[in-house]
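Engineer: Here's the letter readout for the chains.
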Amino acid sequence: MKAKPIYGLMAEFESPEQILAAAQKTHDAGYKRIDAFTPIPVEGLAEAIGFDWTSLPIVVFLGGLFGGLSGFGMCYYANVISFPLDIGGKPLNSWPAWIPITFELTILGGALAATFGMLAMNGLPSPYHPVFNVQRFALASTDRFFLCIKARDKKFDAAQTRTFLETLQPHGVFEIED
Amino acid sequence: MNSTDTVRPQIERLQKRGFLFGIAGVLLFAIFGALAGHHGGLAGWQQLFRSYLFAYLYWLCIPCGCLGLLMLHHLTSGRWGYPLRRIFEAGSRSLGLMAVLFLPVLAGLPKLYEWARPADVAADPVLQAKQWYLNSPGFIVRAILYFAILLVIAGLLNKWSREQDSTGDLKLKNRMGTLSAPGVILWALIVTGASVDWVMSLEPHWFSTIYGMLWMVIMVLAAMSFSVFVLRMLADHEPIKDVVDPPRFNDIGNLMLTFVMLWAYLSFDQLLITWAGNLKDEIPWYAQRAFGAWAPIGVVLILLHFFLPFFLLLQRGVKRRLRRLSVVAAWIVVLTLVDVYWIVVPSYERSGPRVHWLDVFAIIGIGGLWVGTFLGQLNKLPLLPLHDPRFEGVLEHEHGD
Chain B
1 MKAKPIYGLM AEFESPEQIL AAAQKTHDAG YKRIDAFTPI PVEGLAEAIG FDWTSLPIVV
61 FLGGLFGGLS GFGMCYYANV ISFPLDIGGK PLNSWPAWIP ITFELTILGG ALAATFGMLA
121 MNGLPSPYHP VFNVQRFALA STDRFFLCIK ARDKKFDAAQ TRTFLETLQP HGVFEIED
Chain P
1 MNSTDTVRPQ IERLQKRGFL FGIAGVLLFA IFGALAGHHG GLAGWQQLFR SYLFAYLYWL
61 CIPCGCLGLL MLHHLTSGRW GYPLRRIFEA GSRSLGLMAV LFLPVLAGLP KLYEWARPAD
121 VAADPVLQAK QWYLNSPGFI VRAILYFAIL LVIAGLLNKW SREQDSTGDL KLKNRMGTLS
181 APGVILWALI VTGASVDWVM SLEPHWFSTI YGMLWMVIMV LAAMSFSVFV LRMLADHEPI
241 KDVVDPPRFN DIGNLMLTFV MLWAYLSFDQ LLITWAGNLK DEIPWYAQRA FGAWAPIGVV
301 LILLHFFLPF FLLLQRGVKR RLRRLSVVAA WIVVLTLVDV YWIVVPSYER SGPRVHWLDV
361 FAIIGIGGLW VGTFLGQLNK LPLLPLHDPR FEGVLEHEHG D
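Heads up: the sequence lines are chains B and P, in that order. Our numbering numbers the first residue of the first sequence as 1 and each following residue consecutively. Our numbering numbers the first residue of the second sequence as 1 and each following residue consecutively.
These aren't lab readings, by the way, just hints derived from the structure by calculation. Some hints could be false.
For each label pair, taking beta carbons as the anchor points, the in silico distance ranges come out as [to be verified]:
{"hint": "1", "chain 1": "B", "residue 1": "F51", "chain 2": "P", "residue 2": "R79", "range": "23 to 33 Å"}
{"hint": "2", "chain 1": "P", "residue 1": "F311", "chain 2": "B", "residue 2": "E104", "range": "46 to 56 Å"}
{"hint": "3", "chain 1": "B", "residue 1": "S82", "chain 2": "P", "residue 2": "T209", "range": "48 to 58 Å"}
{"hint": "4", "chain 1": "B", "residue 1": "L112", "chain 2": "P", "residue 2": "A181", "range": "36 to 46 Å"}
{"hint": "5", "chain 1": "P", "residue 1": "R79", "chain 2": "B", "residue 2": "H27", "range": "26 to 36 Å"}
{"hint": "6", "chain 1": "P", "residue 1": "E163", "chain 2": "B", "residue 2": "L112", "range": "13 to 23 Å"}
{"hint": "7", "chain 1": "P", "residue 1": "P118", "chain 2": "B", "residue 2": "S82", "range": "49 to 59 Å"}
{"hint": "8", "chain 1": "B", "residue 1": "D28", "chain 2": "P", "residue 2": "T209", "range": "52 to 62 Å"}
{"hint": "9", "chain 1": "B", "residue 1": "S55", "chain 2": "P", "residue 2": "I144", "range": "19 to 29 Å"}
{"hint": "10", "chain 1": "B", "residue 1": "S94", "chain 2": "P", "residue 2": "D236", "range": "33 to 43 Å"}
{"hint": "11", "chain 1": "P", "residue 1": "I144", "chain 2": "B", "residue 2": "W53", "range": "54 to 64 Å"}
{"hint": "12", "chain 1": "B", "residue 1": "S94", "chain 2": "P", "residue 2": "S77", "range": "24 to 34 Å"}
With a cut-off of at most 20 Å between alpha-carbon atoms, the simulated EDC-like pairs for lysine to aspartate or glutamate come out as follows [unchecked claim]:
{"hint": "13", "chain 1": "B", "residue 1": "K4", "chain 2": "B", "residue 2": "E17"}
{"hint": "14", "chain 1": "P", "residue 1": "K130", "chain 2": "P", "residue 2": "D120"}
{"hint": "15", "chain 1": "P", "residue 1": "K171", "chain 2": "P", "residue 2": "D388"}
{"hint": "16", "chain 1": "B", "residue 1": "K90", "chain 2": "P", "residue 2": "E282"}
{"hint": "17", "chain 1": "P", "residue 1": "K280", "chain 2": "B", "residue 2": "D86"}
{"hint": "18", "chain 1": "B", "residue 1": "K155", "chain 2": "B", "residue 2": "D178"}
{"hint": "19", "chain 1": "B", "residue 1": "K25", "chain 2": "B", "residue 2": "E14"}
{"hint": "20", "chain 1": "B", "residue 1": "K4", "chain 2": "B", "residue 2": "D178"}
{"hint": "21", "chain 1": "B", "residue 1": "K155", "chain 2": "B", "residue 2": "E166"}
{"hint": "22", "chain 1": "B", "residue 1": "K90", "chain 2": "P", "residue 2": "D269"}
{"hint": "23", "chain 1": "P", "residue 1": "K173", "chain 2": "P", "residue 2": "E163"}
{"hint": "24", "chain 1": "B", "residue 1": "K90", "chain 2": "P", "residue 2": "D281"}
Even for Gly, the Cβ is constructed at its ideal location relative to N, Cα and C.
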C-alpha cells in the first residue's frame with residue numbers, strides 16, 4: 001500500500017541519445033503511460049514513447065473546412081442574396097473573386113482549430129501539474145532530459161518500476177507526488 | 001565500387017525500348033503527317049506542326065525542369081538532392097537533343113503562328129504593332145540564344161560534376177554554386193521568353209505576365225515527379241539504396257507538394273487577375289478554356305492535378321514510402337500532359353477537345369527518343385556524385401564502411 005498518492009516516477013538523463021534509448025526500452029518493456037520532457041526537440045522521441053496517432057489533424061481539417069465554407073458563404077450571401085449588384089456584366093456568383101477570402105478563412109479556421117484544439121487536447125492551460133513537484137524538473141527547460149512513467153499505467157509498481165528505471169542508467173530517479 | 005551491375009542492364013534495356021518506341025513513333029508521325037499534308041492541304045500541314053509543337057513542349061518540360069532543379073540544388077545543398085543529382089544532370093544533358101528537335105518547329109513558323117503569315121499581319125493592326133518582337137528572324141535568333149545559354153550552363157555544371165567525381169576538389173563545389181546563382185536567373189528569363197515565343201504567341205492578341213512563372217512551375221513539377229519515378233527504379237540497388245531513407249523521401253515529397261501548390265496558386269492567380277480585370281484582350285483565353293467545351297478538362301485539372309496530389313502529398317504515410325510517392329509522381333507526370341494539352345491545344349482547336357492521331361504519334365516519337373537519350377546519359381556516370389564535399393560521410397555514416 002502506498003503511503004501517499006504518487007503521480008509517477010521520473011528519470012533524469014543527460015543527453016538526447018540517452019533518453020531516446022531509455023524511452024525505447026521503456027516502451028518495449030510494455031509501459032504505455034509514458035511522457036518525456038526535453039529542452040530541445042528530439043527527433044524520434046515521440047515515436048519512441050509510442051505516440052503514433054492524434055486526432056488533431058481531423059480537428060484542424062474540420063476547422064479549415066468550416067472557415068472555408070463560411071468565407072465562401074459570406075461572399076455568396078453578400079453578393080448574391082443580400083445585395084445583388086451587376087459588376088462589369090459578371091455573374092452574381094462571381095466565384096473566382098471569392099476564392100482569396102475562402103482561402104484566407106480556411107487558413108484562419110485551420111490555424112485557430114490547431115492552436116485551441118492542441119491546447120484543449122493537452123489539457124492546457126493547467127495551473128497545477130504534479131511533475132513540478134520534483135525540484136530538478138526545472139532543468140527540463142535548460143539541459144536535462146526527463147522520462148516519466150505514470151502511476152496510472154497498468155504495469156506500474158512503485159518498487160519494480162523504480163528498479164527498471166535504474167537499469168536505464170539515469171542520472172537520478174525521482175518519485176512524483178500527486 | 002562497381003556494385004550497380006544489377007540496375008545498369010535494366011536501364012540499358014529500357015533505353016533500347018525507348019529508342020524503339022521513339023523511332024517507331026517518329027516514322028508513323030512522318031508517314032501519317034505527310035499523308036495528312038498531302039490529302040488535307042494546308043490544314044493537314046498545320047495539324048502536323050501543331051501536333052509536333054504540342055508533343056515537343058510536353059517533353060521539353062522534364063529536361064528543362066531538371067536543369068532548374070539541378071541549379072536549385074547547387075544553391076541550397078539539401079540532402080534531398082544527393083540521390084537525385086545524377087538524374088537531374090542526365091536530364092540537363094538531354095537538352096542537346098531537345099535543341100535539335102526544335103528545328104522542325106522553325107520550319108513550320110507560318111503554319112503555326114498567325115504573326116508569321118504576312119497576309120494576316122497586314123490585316124491586323126495589333127499584329128503590326130507587335131511585329132517588332134513577333135517576327136520570324138527574331139523568333140529564330142531568340143530560340144538559338146535560349147538553347148545556347150541553357151546548353152552552356154548545363155555543359156559547365158556537368159563538366160565540373162564529372163571533374164569532382166575524379167578529383168574531389170573543393171573549388172568545384174563552389175564553382176557550381178557560383179554559376180547556379182546567375183544560372184537560375186537566366187533560366188527563369190529563358191523559360192519566360194520561350195513560353196511567350198513558342199506558346200503564348202499561338203494567340204498573339206493575348207498576354208499574361210504570370211505566364212512564364214506558370215511554365216517554370218509546370219517544368220519543375222514535371223521534372224521532380226519524373227525524377228522521383230526514376231529514383232524508385234534505382235532505389236532498390238546500390239549505391240542509392242544506402243543513402244535514401246524515409247526522411248529523405250519526406251523532403252522530396254514536401255518539395256513535390258510545394259510545386260503542386262505553387263502550380264495551383266499561379267494557375268488560379270492568372271484566372272483571378274483576368275476575371276477582375278475583365279478586359280477584352282485577356283478574357284478570350286479563359287472563355288475558350290474554362291467556360292466552353294474545354295471546361296471539363298479544366299475541371300479535371302483542378303480535381304486531379306491539384307486536389308488529388310495535394311491531399312495525397314499531405315500524408316506522411318505517402319511521403320515516407322518511395323513506392324507510394326512514385327505512384328503520385330507518375331500520376332503528376334501524366335497529368336502534366338493534360339495540363340500542357342489544355343494550355344496549348346485550345347489555341348487552335350476552337351470547337352472543343354480533340355486528339356489527333358498525329359498528337360499520339362508525336363508524343364510517343366519525341367517521348368521515346370527523349371527517354372532513350374535520358375537513360376543513356378544516366379547510365380554514363382556513377383549513379384551518385386562521388387566526392388561531393390557536402391555529402392562526404394553520408395555513405396560512411398549510414399553504411400559503416
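Engineer: Would you list, in rising numerical order, the hints stated earlier that this structure does not obey?
Structural biologist: 2, 3, 6, 9, 10, 12, 13
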